[in-house]
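Protein chains: 2
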Amino acid sequence: MLDSFDQKKAQILAEIATTNEANPDLSPKGTIDELCLPIMNSINSHSDMITTSSCSGRVSVFLEGDKKGNSKIGAKGDGGHWLFVTHDKRQVSRWWKNIDFECQIEKSNFKPSRFVLFKFEPLILHVKCRDLTTAQKLYQTAMSCGFRESGIGVNNIVGIRISIKLDIPIGYLNEEGKCVLLVDENYLEFIDNQAINRFNENESKLNLLHRKISDMMFATTEMKIEETKNERRDRKRREGLAKQEALMKEKGKKLEMGQNEEPEDG
Amino acid sequence: MLDSFDQKKAQILAEIATTNEANPDLSPKGTIDELCLPIMNSINSHSDMITTSSCSGRVSVFLEGDKKGNSKIGAKGDGGHWLFVTHDKRQVSRWWKNIDFECQIEKSNFKPSRFVLFKFEPLILHVKCRDLTTAQKLYQTAMSCGFRESGIGVNNIVGIRISIKLDIPIGYLNEEGKCVLLVDENYLEFIDNQAINRFNENESKLNLLHRKISDMMFATTEMKIEETKNERRDRKRREGLAKQEALMKEKGKKLEMGQNEEPEDG
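Quick mapping for you: the protein sequence lines, in order, are chains A and B.
116 is the number that our numbering gives to position 116 of the first sequence; each next residue is one higher, with no gaps.
25 is the number that our numbering gives to position 25 of the second sequence; each next residue is one higher, with no gaps.
Quick caveat, the hints were computed from the structure, so don't treat them as lab data.
Keep in mind the model is a prediction, meaning the values are calculated, not measured.
Hints are not guaranteed to be accurate.
Unchecked claim - Heads up, simulated DSSO-like pairs for lysine-lysine below, C-alpha to C-alpha not over 30 Å straight-line:
no.: 1; chain 1: A; residue 1: K29; chain 2: A; residue 2: K111
no.: 2; chain 1: A; residue 1: K76; chain 2: B; residue 2: K72
no.: 3; chain 1: B; residue 1: K165; chain 2: A; residue 2: K119
no.: 4; chain 1: B; residue 1: K236; chain 2: A; residue 2: K67
no.: 5; chain 1: A; residue 1: K111; chain 2: B; residue 2: K137
no.: 6; chain 1: A; residue 1: K137; chain 2: B; residue 2: K137
no.: 7; chain 1: A; residue 1: K178; chain 2: A; residue 2: K8
no.: 8; chain 1: A; residue 1: K97; chain 2: A; residue 2: K165
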């Protein structure tokens with residue numbers, strides 16, 4: 001019998017294996033960000049860890065939700081919507097060219113209450129660990145690479161976070177329901193470049209984290225496990241069977257389910 | 001004998017009790033933010049928790065450090081410096097009036113590499129708990145109030161974090177070493193107001209957190225402890241003695257120490 005961690009891990013691996021553009025997961029983008037795949041593969045090759053959500057980093061521009069509803073300040077929430085979103089730094093430059101902004105600021109008594117925000121959000125990874133010892137080791141590895149907003153939640157899930165952000169209000173919603181820009185094109189170009197710098201910094205932090213996880217998490221595990229050849233063969237057979245079974249279930253389930261839930265990240 | 005948690009708690013309470021403007025702590029500001037005091041007092045009245053650092057939220061404007069040194073992107077770091085910082089929303093409006101900016105953008109081939117950032121950073125609290133059960137309960141309480149970037153670190157320290165931020169590049173350092181603004185005064189006024197909105201939102205989140213901690217952390221503890229009158233009297237006596245002893249030590253130590261270290265928050 002597989003324990004509950006191994007069952008959960010097999011189920012998630014099966015979901016990852018069947019996710020592609022034709023068969024999307026429940027995130028807004030629908031697929032795993034390419035930049036995350038190498039580090040996810042490394043983490044998931046460790047017998048005591050499994051990634052549960054990931055976003056490699058992104059630029060988004062959106063109109064805030066209606067605060068009379070339940071929308072939070074600076075969040076898309078109810079009634080807000082994306083004007084632009086990308087996980088690819090090559091797509092950032094001049095993103096505004098296809099967007100229909102009003103550029104004339106009105107001199108009226110109208111007090112805007114909903115704003116247009118330009119955000120850069122860095123890598124975020126959630127990793128479920130088999131036990132607290134593994135979770136603490138992963139947490140400390142992340143902290144040592146500068147992911148200073150990391151922390152362990154419930155069920156030994158480690159949130160890996162860093163604060164290389166941009167959070168810039170650039171406009172507002174006017175009385176006619178049009179988005180009005182408060183900055184000029186020079187400034188938009190300037191923050192595009194700032195976002196690209198942060199994409200680069202984020203990528204180098206991601207690579208550092210990947211190296212450190214490979215060094216620190218695997219070195220000690222191998223010593224700790226001391227599995228015999230036979231134990232390893234049996235474990236691999238059990239894991240393979242569980243993965244196959246979960247894969248079959250997953251394929252059935254996806255056909256039954258809708259795609260309209262939004263997880264926290266991605 | 002007090003256990004190590006009680007000793008640490010007595011020492012921190014003694015530090016808090018002796019900190020004031022004439023006798024500052026090691027944070028840049030030197031004193032505890034007023035808005036934090038009520039929630040800190042509540043937390044610290046619980047026998048299994050002690051606050052280890054706090055910042056009630058602030059606006060800061062600074063020149064980034066020199067990236068050739070070890071400075072991080074978007075951080076003050078080596079060679080950077082504050083142009084303005086406040087924890088008081090009433091001080092935000094028109095902060096730039098006393099600062100000597102160049103407002104004329106030069107048309108040259110100079111590529112700036114150091115930027116001026118305007119930031120709003122919300123409440124952050126670190127709380128050391130006696131055990132993992134208490135840490136997990138506090139973590140879940142914080143998450144339930146929207147402090148979604150919270151997490152448990154090592155030694156049962158809970159980091160309580162929320163992402164109501166602003167992170168806005170507004171200028172750069174030119175060849176002559178002067179700060180040049182990239183936005184106009186209208187935009188500066190606009191982001192002042194955005195920061196004040198976030199201060200208000202932050203304060204209401206802080207109050208919500210305070211209420212929930214009072215409700216959730218204390219209700220169950222009282223049931224759990226079931227301390228007799230005599231046990232309580234003995235504990236209070238022990239705690240009082242330890243606090244007094246730590247207070248005396250702390251007063252001696254402060255006279256010996258410099259004030260030039262910067263902790264992470266505050």
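So, going through the hints one by one against the coordinates:
no.	hint	result
1	A/K29 / A/K111	34 Å, violated
2	A/K76 / B/K72	29 Å, holds
3	B/K165 / A/K119	10 Å, holds
4	B/K236 / A/K67	47 Å, violated
5	A/K111 / B/K137	41 Å, violated
6	A/K137 / B/K137	22 Å, holds
7	A/K178 / A/K8	46 Å, violated
8	A/K97 / A/K165	23 Å, holds
Against the hints set out earlier in the document, violations occur for numbers 1, 4, 5, 7.
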